[in-house]
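Colleague: Generate the whole structure from the sequences, applying the supplied hints.
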Amino acid sequence: MKKIFALIDCNSFYCSCERVFRADLKTKPIVVLSNNDGCVIARTQEAKNMGIPMGVPFFQIHELYKQNKIEVFSSNFSLYTDLSQRIMSILKKECPSVQVYSIDEAFVELTGLHDPLSFAYKLKKIIYQKVGIPVSIGIAPTKVLAKRANHIAKNENHNQGVFSLLQNEDINVALKQTNIIDVWGVGKSLGQRLSSLKINTAYDFKTYANEKLIQREFTKVGLKLKHELMGISCIELLDPYQEKKEISHSRSFGQKTYHKKDLQEALANFISTAAARLRTQSSLCTEVSIYLKTDFLTLYEKKKLINATHDTRLLIQAALQSLEKIYLPQKRYKKAGVRLSGLHSSNELQLNFFDNTNLLKQDRLMQTIDKINHLKGKNSIQFGACGLNNKTWSMKQNFKSPCYTTNWEELPYFF
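In the numbering used here, the protein residues as written are 711 to 1125.
Warning: the hint list may mix true and false statements.
[As the list claims (entries may be wrong)] FRET-style restraints, in silico, Cβ to Cβ: (1) 730 x 882: 35 to 41 Å; (2) 1031 x 828: 58 to 64 Å; (3) 828 x 736: 23 to 29 Å; (4) 1017 x 844: 46 to 52 Å; (5) 795 x 882: 34 to 40 Å; (6) 907 x 983: 42 to 48 Å; (7) 822 x 966: 54 to 60 Å; (8) 1093 x 958: 31 to 37 Å; (9) 832 x 898: 34 to 40 Å; (10) 1078 x 755: 43 to 49 Å.
[As the list claims (entries may be wrong)] Derived DSSO-like pairs (lysine-lysine); straight-line CA-CA distance at most 30 Å: (11) 1012 x 1088; (12) 1041 x 1014; (13) 1071 x 966.
Worth flagging that the hints you see were computed from the coordinates, not collected in a lab.
All C-beta atoms, glycine included, are put in the ideal place defined by N, C-alpha and C.
Modeller: Here you go:
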C-alpha cells in the first residue's frame, strides 16, 4: 500500500500565539523578537507586506513601533510551548502516527485513509476551534513531497491552507516550479553541486537518470532525496517518544556581568530548567557541563557524577563546583549555558552500595516541585541558588505578553 504523509505547520506560529488572547490584533502587523529583544524571528503576513525582513535588528524598525504601525512582542516561550503541546495532543488523538518535528511542525501518517484531503480540512478546523492557531497542511506520498505541498498550501491563498500532491501530474507541475535549493534537505551548498550537473529544479533531480553518480557524489542521503521526489518513501516517521541523548539550556545575558554571584544564579536557573526536562522524559544524568562566554573567550568545564541523578539540588551543586574552577574575575561575561549528558532511563538506575541518600524521598520532592510549578506557573517554587526576581543578568523582555495558560497570576480576564 502506498504511504501517505501530511505535514502540519502552524502559520506564523509565535505571532499567532500572541493573537489567541488578543482579538484586537487579528489584522494588525505583528513581529516577535529574539532573546534580549535583539532581532525579528517571526512576522505576520501583514508585517511581511510592509517589507519587514526576517532577522532585521529591532532598532531598525523601532520607528514603526513608535508610530504605532506594528505590534511588537518579546519571545514568550512558556506560552508558545504550551500552545504547541495542545496542538500536538490533538494530532496524537486524531492521527495514528505522529512525529513532532519542531515547536510548530509535525508529520503524521495517513496511509490507508479513504479521503486524506477531507481529513486534513477537518483536522485544520479542529485545531483552530480548540487552540485558535491557523495551520497549513501538505499531503503527499513522501515527507519531502509533503514539505513542498505544505509550502504551496501556505503560499497560495486559493488552497485554503490545504494542498495535496498525491497525483503524479500534480507532483511534476510542483517540482518543475521548485528551485533545487528549495527542496527540503538540499540547501545552498548541495544545491550548487547539483546545479553543476545541470540539475536546477526539483523535477530535474527527480528525472536524473544516473543514480549511481548521485550516490557516489552525494552519498545515500542524496539518493534518498531523489527517491523521495519520485514518490518512493525513504524517510520514515521517527518515534515521537524517543528520548534525548543530552539536554542543554543557555541564554545570552540582558547585560554583561563581572560578578560571580550573577553567574551562579544564571547557572542555577539553567540547571533547574534542564533538570525539569530531564525528569519529564524519566531520565537521569551522569555528567554536568557548563560554559561561560565573553566577547573573545569561551570557558568550559565538565563534571562526572558518582551516581546518576535527576535531583536539581545535586545538579546545581555540580554546576557551581565547576564554576569555581573556570571563573575569571576580570572578565565580562555575556552568555552561559549548561548541558546534562550521560543520560540513562530512571528505570535502569544502579544504586551505589555506599550511597546513603534516600532516593525515594529525592524523587518525591522533585515530582512535587514539578507538579506545583506546572499548576502555578514556572518558578513558583525555586531553589535559593536561583536568586530573587529582577535579576540583573536576565534577558531583556520589554514587550513580553502574559503567560496566559501557564501562570495563575496572568490568566486573561473576560468581561
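Colleague: Hint by hint, say whether it matches the structure.
Modeller: Okay, the hints, checked on the actual structure:
1. 730 x 882: 35 to 41 Å: holds, 39 Å
2. 1031 x 828: 58 to 64 Å: Hint holds: Cβ distance 59 Å, inside 58 to 64 Å.
3. 828 x 736: 23 to 29 Å: holds, 27 Å
4. 1017 x 844: 46 to 52 Å: Holds - the Cβ-Cβ distance for residue 1017 and residue 844, about 48 Å, lies within 46 to 52 Å.
5. 795 x 882: 34 to 40 Å: For residue 795 and residue 882 the Cβ distance comes to about 38 Å; the hint holds.
6. 907 x 983: 42 to 48 Å: holds, 47 Å
7. 822 x 966: 54 to 60 Å: holds, 57 Å
8. 1093 x 958: 31 to 37 Å: This hint is violated: roughly 20 Å between Cβ atoms.
9. 832 x 898: 34 to 40 Å: holds, 38 Å
10. 1078 x 755: 43 to 49 Å: Hint holds: Cβ distance 45 Å, inside 43 to 49 Å.
11. 1012 x 1088: holds, 27 Å
12. 1041 x 1014: Roughly 26 Å separates the two Cα atoms, so the pair holds.
13. 1071 x 966: Distance ~39 Å between residue 1071 and residue 966 Cα, so the pair is violated.
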